[in-house]
Amino acid sequence: MLLRKTVLVVSLATAALLASAGAATAAPSTPTPAAPAAAAAAAAAAANPVIVVGGLSGVAVAYEPIAVRLRADGYRTFIYQLPGLGLGDIPASARAFAGYVEQVRASTGAATVDLVAHSEGGLVSRYYLKRLGGTASIGRYVSLGTPQYGTYVANIVAFLGLGSCAGIVACQQMTIGSAFLADLNAGDDTPGSVRYTTIRTLQDELVRPTGNAAVNDGATNVLIQAYCPLRVVGHLGLVLDGTAYAIVRGALVDGPVRPNCLAV
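The sequence shown runs -18 to 245 under this note's numbering.
Among these hints, one or two may not hold up.
To be verified - Here are the computed distance ranges between Cβ atoms for each label pair:
1. V49 x S88: 34 to 40 Å
2. P190 x A27: 37 to 43 Å
3. D169 x G236: 21 to 27 Å
4. S88 x L113: 19 to 25 Å
5. T89 x A147: 35 to 41 Å
6. G236 x L183: 20 to 26 Å
7. N241 x N197: 24 to 30 Å
8. P172 x G236: 21 to 27 Å
Hint data in this document are derived by calculation from the structure and do not stem from the laboratory.
By construction, the Cβ of each residue, glycine as well, lies at the ideal position given by its N, Cα and C atoms.
All chains, full assembly: derive it from the sequences and hints.
In structure tokens:
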């Protein structure tokens, strides 16, 4: 009797151990919290290089905040300061920019690069894409507060008699109804296979009306306050604001528009 009990206990213990071992073998390994972040960083490092294109009077250092965010997310990031701080002819700036794009492609070995362009930089970039054959070299175009269809601010300066935009050629070209904008916006706004995204804010002091910061023909046009009504972002704030950056980051991975309204 004692022998039978002993055999039964041993058998049950053995079965329990085997079941435990089987469960341990079958259980999937739990990824560490760092795994998703590491995977995202690796994907960004393999993605297109990003050129941040400055705007009118925008020195390169002013765009370091957004460049730092991009680099922290793993992107190979470059800053392009417009020739003469963008005061001159926009098509001339675009021709200089075309050369810079080729330098970045050559130095990184990338077939295409992505653009994140602020203010006038978005017009320089669009002219390069539309009139200088740049679509073959660009994967994504993201503009921040670009007066795609002009701004009344430029008109007001001209109205005040300050030398027709105070003699600033680029200001004249950004005036609503200018010959430059009529040419740029004739036909398709979004040529090539480039993915176009525009980002604008209701508090933009320099692009009025703010709807002129959007483009047609299939672009993703994002108004920050349509998603985050209480978010206050000015023209210069577009390169500093966390919510705006969340939209930029999504655009660079072809993701849905899901801005983080509480981002800093």
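Hint by hint, which ones does the structure fall short of?
-> Those not satisfied come down to hint 1.
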